[in-house]
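Undergrad: Given next are the chains, with one letter for each unit.
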Amino acid sequence: MLIFQGGGPSENTSPEFMQAQMGKWMAWIEKLSKAGKYVSGEPLLPGGKLIKGKSKTVTDGPYTEGKEIVGGFFILNAENYDEAVKLCDDYPDYENGGSIQVRQVMKMDM
Amino acid sequence: MPGSPNINQVVDHLFRHESGRMVSVLSRLLGLQNLEAAQDIVQDTLLQAMNTWGFNGIPENPSGWLYRVAKNKAIDFLRRQKKFKEISPQYSYLLQSEYTLTSTVSNFFLDDEVQDSQLRMMFACSHPSIPEESQIALTLKTLCGLSVHEIAKAFLTNDEAISKRIYRAKEKIISEKIELNVPQGQELPQRLDVVLKCLYLLFNEGYNSSHPDKLIREDLCEEAIRLTYLLTLQSVTNLSRVNALLSLMCFQASRLQARVDDKGNIVLLKYQDRSKWYKPLIERGTVYLELASEMGEASPYHLEAAIASLHAVAPSFEQTDWKSIYDLYKSLYEIQPAPIVALNKAIASAYAISKEIALEQLLKIKGLEDYYLYHTSIGEIYFEMENKVKAKKYYEAALHLTTSHQEQQLLKRKIDSCEVV
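Chains as they are written, first to last, in the working numbering: chain A, 14 to 123; chain B, 561 to 981.
Chain A with its partners taken away, still in its complex shape:
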């Protein structure tokens, strides 16, 4: 699972840049799909709620800092972490301060 953090456009990002960035995401997904690596993925809207503590206090969140906002996720097929990390080469938001958390989904043997 790839979790994308930060790197999203700011208020001043130009339409032209957004369109170009979108093209890079599409090209990346297409490349992963063709290689049979892509399973699914969703973008996430900013904002959200954070529920915490015994009293289940609900606050706005989960993160307030732009660089911490999780912007979306992919589920990929990869043999191991090395391969998964390699598949992240084309992530379009490194230059914009974005980062990727690569996590292995735990498979339960039933």
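Calculated directly from the structure, the hints in this document are not laboratory data.
Among the hints, erroneous ones may be present.
[To be verified] Capping the alpha-carbon separation at 20 Å, the derived lysine to aspartate or glutamate pairs in DMTMM-like fashion look like this:
| no. | chain 1 | residue 1 | chain 2 | residue 2 |
| --- | --- | --- | --- | --- |
| 1 | B | K633 | A | E24 |
| 2 | A | K44 | A | D122 |
| 3 | B | K724 | A | E24 |
| 4 | B | K730 | A | E24 |
| 5 | B | K730 | B | E693 |
| 6 | A | K50 | A | D95 |
| 7 | A | K37 | B | D572 |
| 8 | B | K974 | B | E946 |
| 9 | A | K44 | A | D95 |
| 10 | B | K924 | B | D887 |
| 11 | B | K713 | A | E24 |
| 12 | B | K950 | B | E929 |
| 13 | B | K915 | B | E946 |
| 14 | B | K890 | B | E920 |
With chain A held as given, fit chain B onto it using these hints.
TA: What follows is chain B alone, placed relative to chain A:
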């Protein structure tokens, strides 16, 4: 699994152009005083498109998708506002009722209305009370969807300077209570002239070879042509001089590819590979010039377009109809006695009559002492008269006056050629 993710399905500059359209439509709906809110809604809409399309593929009708999202955001915005009268006095009663709110907003997004909104926005951006440089910056921001940073890059200045220009324009919109109207009656031609001037300057900014980035120059020219074309689509603004300006832009733009060589050096008209001139644009230019002539008027744009057309049809520099070009510049100088016109007239006279006449005319021009092309032109005439000492002197003066790297390279080559012999 994403639908059919193919970026090629999205038209070039779709976001940028739709941004311009949506800002115009929303400003009309919310009132120009709420330009900021309109821009925020559009930015939000494009962000949403970027995220959704990037992950899930391009929808079948991308523009329709954007309009739907923008429309819903606008309706949300209107519902949150209590004081409708302050928003859009014209439509406030329709927007106050839930029965008519959605349909009223939807109507604004119909094709004809979108075009009409852009037209109104062009008049607002070129409002006479807004300073000229702010007019261009505001036009690029609101109608062409360029960011402050992109505009700053195009004008070789910093973001802060452009922000200030746009801020000043927005201040005027508030203080002068500028609304999105198409001027009526006698006011129309005058106001249209300001719009045309703004578009002309925008085009020249792109056509001006001083910018190091070719793509930016082409973008500015393209935007100017797009907006001028829009004026020809509306009957109220489809005037003779609008067609003339569009014709001029088409002729000039047809040479964009031939003006710079592979290394980015400037290629002068004389040495351009005329087979590289873009024929379809020359044809468009001819069509618009004919339309402009039919309507019987002779604005400076007519004369400039006519001059450009003579260059466009000439098989070579030497076979150019310099005599007619010189006559056209003479007519242009009569209605527009500016030193820059005098400069062009003098240059044309060198080929139409003689170098001596040209030199005499050139040396008489006042007010271009700081303009590098003035000195370059005099240098050029001396060079052709085999007076390399004087030619070099003028080329050197020009060299100090231009900051463009490309122009400097060109001048250095000229200076070198004065020394060879």
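Undergrad: Tell me, in ascending order, the numbers of any earlier hints that this structure violates.
TA: 2
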